[in-house]
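Chemist: Here is how the chains run, residue by residue.
Protein chains: 2
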Amino acid sequence: MKLHDKILLEHGGGGQLTGELIEQVFLPRLGNPHLMQLTDSALVAIGDQRICFTTDSYVVSPLFFPGGDIGSLAVHGTVNDLAVCGAQPLFLSAGFIIEEGFATAQLEQIVDSMASAAALAGVQVVTGDTKVVPHGATDGLYITTSGIGRFVYDKPLSPSTIRPGDAVIVNGPVGDHGAAILCARQDLGFLSTVLSDSAPLGSLVRNILNASPHIHCMRDATRGGLGAVLAEIAQQSGHDIFARENDIPLRESVRGICEMLGFDPLYLANEGKLVVFCAADDAPAVLAAMHSHELGHEATRIGTVQESGRGRVVLTTLIGGERVIDRPTGELVPRIC
Amino acid sequence: MKLHDKILLEHGGGGQLTGELIEQVFLPRLGNPHLMQLTDSALVAIGDQRICFTTDSYVVSPLFFPGGDIGSLAVHGTVNDLAVCGAQPLFLSAGFIIEEGFATAQLEQIVDSMASAAALAGVQVVTGDTKVVPHGATDGLYITTSGIGRFVYDKPLSPSTIRPGDAVIVNGPVGDHGAAILCARQDLGFLSTVLSDSAPLGSLVRNILNASPHIHCMRDATRGGLGAVLAEIAQQSGHDIFARENDIPLRESVRGICEMLGFDPLYLANEGKLVVFCAADDAPAVLAAMHSHELGHEATRIGTVQESGRGRVVLTTLIGGERVIDRPTGELVPRIC
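Protein chains in written order, with this note's numbering: chain H, 1 to 337; chain A, 1 to 337.
For reference, chain H alone in the conformation it holds in the complex (with noise of 0.2 angstroms):
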């Protein structure tokens, strides 16, 4: 597809847009065997260490919502790049951008909040950068973290790895984190129960690759939510993703919100969720494994993995009927994260 000679919002929101940019803009010209295998991470070797490098810039609007803000976003969503690719998180960067007249109590309030995700996430912040730019050349505060960890998990992880069969598990209801920035930004008093799902998986994740030598695929599922990482992933498998939405767990409060503000909560987006495909056999000690865990006692087996060859996801509704879940083309919610 042509590309768009203007940026649009779209182009940010990791849907279809997302991808027409890395694969006309930043592949063509940056590309490298690294780079290609378009994960969450990079996995590099240093001499005899193979190691794992996200980054992820965070620009979420408010700064500060029910379950966390900037800082403590910042510190899960790098956390979880790393986790789900099967590293041990280890360090992190973290450089700032502020807007001049930025209240210095609002900076000490984001900064101890990632100093706690981070003790939290047994990472260290061992480097960073501060940039102040004019009155209006941002909005408030930016942060841009990555991070560094050893791989761990002596399988590869990926999308390739899927086979049919394969058991689908994500850990929790989906939807919260998304429901969350909504209700703060619009001022749904009445509907603020909704919190964040910010929290490092680290973990979790750990329980998981223990209980099964046969993990074959994990992912976050932030920006475009459950929908856009299953969507991507089973065209990057190449093999077809059954989900029943029966199964999937939503919580109230966000169904309603969801129902009231028009939005499919399988594309809102989540920063304490991921996505497990591993061998069917294994799913129950993986689900075990999961649900002895804080971050994963609500765990469920939403769907299964089928041969076809044309990576699509369907969804089998509440009314029996199916349907083709598509990447999205944009984001539901700009500036989620």
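Check the hints yourself; a few may be wrong.
As the list makes no split between identical chains, a pair holds if one copy fits it or if it spans any two.
[Said to hold, decoys possible] Straight-line alpha carbon distances no greater than 25 angstroms define the calculated DMTMM-like cross-link-like pairs of lysine to aspartate or glutamate that follow:
1. K2 with D112
2. K155 with D48
3. K6 with D139
4. K2 with E100
5. K6 with E100
6. K155 with D282
7. K6 with E108
8. K2 with E23
9. K6 with D112
10. K155 with D240
11. K155 with D281
12. K2 with E99
13. K2 with E108
14. K6 with D326
15. K155 with E307
16. K6 with E23
17. K2 with E20
Everything labelled a hint here was simulated from the structure, so no lab data went into it.
Starting from the known structure of chain H, fit chain A onto it as the hints suggest.
Modeler: Only chain A this time, still in chain H's reference frame:
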């Protein structure tokens, strides 16, 4: 000193106020032995490998300037931070924050420039992220690059390793980057022969490290220029640095721009200049190694370290007087990098 209630432009300038922000906001909260080193890169261990890790956010304005653009700058800056710490730069990440409506052709030009700079520096961009924010929520495009490299010098390189008697060497004329940005910004067309010195210093650093086992410290003289870097290193080392203004290489064109606009070239940013502290006996060999490299053929010894415990930089001026060089409060020119 009491922290300001609001973040000022000077907090991002690499000078005294940046130091206060680091010491009063970041270190007390995120502090760990790696961060406390306050070097451009953190030195961390992963297994048996010693790895350098660094990050910088680039907010330069304008995005394109004589001698480079934000893409090449974002590669050079990060590669140089690794190199001066004694590491071989290997892998970069790149996080883009783009304003909605940004011209795709300009983005392509910037990514082309990153790719060329990375190839020249012998590094790969292995992972990245793109966020798009609504029109007005950023100024065009910001890039945050992080880098990892393998530590290759078997001695510590830091201000605390500097000894009285050490030679102080700079690899060429100072202030070119700052002058080029000033010209581009003020549309001083008639002075447009000044090009940014933005360049990757990795191979020059290899020459330097191979020339002497007694290199004690290196630092790239970016934000705040040579003046800020010398003042910071003197303070950290506890020794005085005596330099001769007459020996500091400076282009006539840059001197002219500074005289016209009222800037001190000593505080103008560089993006391809470094300061080397080495044992005086090895200075001739280090200078010879630098002279044989295209980025060091104007290398000059500009001063000597003296014992005093006061940590000052004393400059003998052109007319024979003495002037103490302090860390600047902020930055002469905001958004220089």
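Chemist: For every hint, state whether the structure bears it out.
Modeler: Now the hints, each set against the structure:
no.: 1; hint: K2 with D112; verdict: between (45 angstroms within a copy, 19 angstroms between copies)
no.: 2; hint: K155 with D48; verdict: both (16 angstroms within a copy, 22 angstroms between copies)
no.: 3; hint: K6 with D139; verdict: both (21 angstroms within a copy, 15 angstroms between copies)
no.: 4; hint: K2 with E100; verdict: between (38 angstroms within a copy, 18 angstroms between copies)
no.: 5; hint: K6 with E100; verdict: between (28 angstroms within a copy, 8 angstroms between copies)
no.: 6; hint: K155 with D282; verdict: within (15 angstroms within a copy, 50 angstroms between copies)
no.: 7; hint: K6 with E108; verdict: between (36 angstroms within a copy, 11 angstroms between copies)
no.: 8; hint: K2 with E23; verdict: within (11 angstroms within a copy, 49 angstroms between copies)
no.: 9; hint: K6 with D112; verdict: between (38 angstroms within a copy, 17 angstroms between copies)
no.: 10; hint: K155 with D240; verdict: within (23 angstroms within a copy, 55 angstroms between copies)
no.: 11; hint: K155 with D281; verdict: within (18 angstroms within a copy, 53 angstroms between copies)
no.: 12; hint: K2 with E99; verdict: between (35 angstroms within a copy, 20 angstroms between copies)
no.: 13; hint: K2 with E108; verdict: between (45 angstroms within a copy, 14 angstroms between copies)
no.: 14; hint: K6 with D326; verdict: within (24 angstroms within a copy, 45 angstroms between copies)
no.: 15; hint: K155 with E307; verdict: within (22 angstroms within a copy, 56 angstroms between copies)
no.: 16; hint: K6 with E23; verdict: within (16 angstroms within a copy, 41 angstroms between copies)
no.: 17; hint: K2 with E20; verdict: within (9 angstroms within a copy, 49 angstroms between copies)
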